[in-house]
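Number of protein chains: 2
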Amino acid sequence: MLEEKGEVVVSSAQLAYACGVNAAQVRKDLAYFGEFGIRGVGYYIKDLYDDIKNILGLNREWRMAIIGIGNLGASLLLYKDFLKKNYKIVAAFDIDPSGVVGRVSEKMGKPVEILHPDRLKDVAKERKIDIAIITTPASEAQKVADKIVEANIKGILNFTPVQIKVPKGFVVKNVYFTNVLDNVAYLLHLKRR
Amino acid sequence: MLEEKGEVVVSSAQLAYACGVNAAQVRKDLAYFGEFGIRGVGYYIKDLYDDIKNILGLNREWRMAIIGIGNLGASLLLYKDFLKKNYKIVAAFDIDPSGVVGRVSEKMGKPVEILHPDRLKDVAKERKIDIAIITTPASEAQKVADKIVEANIKGILNFTPVQIKVPKGFVVKNVYFTNVLDNVAYLLHLKRR
Chain B
312 MLEEKGEVVV SSAQLAYACG VNAAQVRKDL AYFGEFGIRG VGYYIKDLYD
362 DIKNILGLNR EWRMAIIGIG NLGASLLLYK DFLKKNYKIV AAFDIDPSGV
412 VGRVSEKMGK PVEILHPDRL KDVAKERKID IAIITTPASE AQKVADKIVE
462 ANIKGILNFT PVQIKVPKGF VVKNVYFTNV LDNVAYLLHL KRR
Chain C
312 MLEEKGEVVV SSAQLAYACG VNAAQVRKDL AYFGEFGIRG VGYYIKDLYD
362 DIKNILGLNR EWRMAIIGIG NLGASLLLYK DFLKKNYKIV AAFDIDPSGV
412 VGRVSEKMGK PVEILHPDRL KDVAKERKID IAIITTPASE AQKVADKIVE
462 ANIKGILNFT PVQIKVPKGF VVKNVYFTNV LDNVAYLLHL KRR
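Protein sequence lines, in the order shown, are assigned to chains B and C.
For the first sequence, my numbering begins at 312 and goes up steadily by one.
For the second sequence, my numbering begins at 312 and goes up steadily by one.
Hints are all accurate, no fakes.
Pairs involving identical chains hold if they fit within one copy or between any two copies, as the list cannot separate such chains.
Below, in silico cross-link-like pairs of lysine-lysine (DSS-like), each with a Cα-Cα straight-line distance of 27 angstroms or less:
| id | residue 1 | residue 2 |
| --- | --- | --- |
| 1 | Lys-396 | Lys-364 |
| 2 | Lys-454 | Lys-418 |
| 3 | Lys-484 | Lys-396 |
| 4 | Lys-364 | Lys-484 |
| 5 | Lys-436 | Lys-454 |
| 6 | Lys-418 | Lys-396 |
| 7 | Lys-396 | Lys-421 |
| 8 | Lys-436 | Lys-421 |
| 9 | Lys-432 | Lys-484 |
| 10 | Lys-484 | Lys-391 |
| 11 | Lys-364 | Lys-502 |
| 12 | Lys-484 | Lys-502 |
| 13 | Lys-395 | Lys-484 |
| 14 | Lys-391 | Lys-439 |
| 15 | Lys-436 | Lys-364 |
| 16 | Lys-502 | Lys-454 |
| 17 | Lys-502 | Lys-432 |
| 18 | Lys-339 | Lys-476 |
| 19 | Lys-396 | Lys-339 |
| 20 | Lys-357 | Lys-396 |
Read the hints as simulated data drawn from the structure, not as lab findings.
This is chain B alone, in the form it adopts within the complex:
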């Protein structure tokens, strides 16, 4: 954001404020990876941004498939921040090629191609898919995960409340809405006790 605003240098205090942590923590965390800042000046925004991208593996494009195009899948198809950060959705899968697709196509200003999940393996190879996002109903999650493993897509982002099982070597991260809510509820509960 600072870069977009045309800023050149940022202090650890500014970064800390933006992240909701303290400045010493920012300096300490960055120092882990080498010499970044200039004492008394701060960090050159462009250099720092590029360095962090290199460290995190975000200096390349990550190619993604979304499996399950209901409301949630549709909202991810339309999510603008993915592209800003080099996450590119290159395929969308659903057993039902109709559903919310009409409206998504309209919003995107172009028809969205919906493929049958049985084609995952072929398409993964053709389109070099790195990450698969599961937004199917919970009942389908493990079945879809098995297809993802078969297609050898190594990164999985699971939005269903099912704990999917995959072999070693696959990376799975879960976004469980109720778990995050449990966290909010627990903290509110502690306050009220």
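Following the hints, complete the assembly by docking chain C onto the known chain B.
Below, chain C alone, put in the same frame as chain B:
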């Protein structure tokens, strides 16, 4: 799930497998909160479930508002697991009362009432809202957060990529899709290095 299946007792090994951790960790974590298990037998499922709910503050209903009824808001309105866990959506807000609402109403089998965000404060009091969920465009996030604070809703779940600022005493949790993806990408990046 075990309770639904009619099971009575669960071992720490079973719990560990389901959670993807090890059995010793399960026993140790639970022991923090008192005596639960019976050596050589395991845990009585019903008792353990109730005890955990009490510890986490999940033995009561949490009343929620969703602000921003686009695709993501709609998918949360339709999310079945909330009710299972006592999270009840009691109000939906949007500046545009049309949008995806028709389709959501159809899926829910009843008309969905969409309120203007300016009514948040009154409605929060009337309907005893505990948690507000922000699913607006990023550009509206802080404005909405300010309204939530004004309405004195203490729990906030923020789905926008904006780091919202709220006074002390409010609980904010963020679900940033790109952050979770960054995590997947980083782990894939480490594997390939």
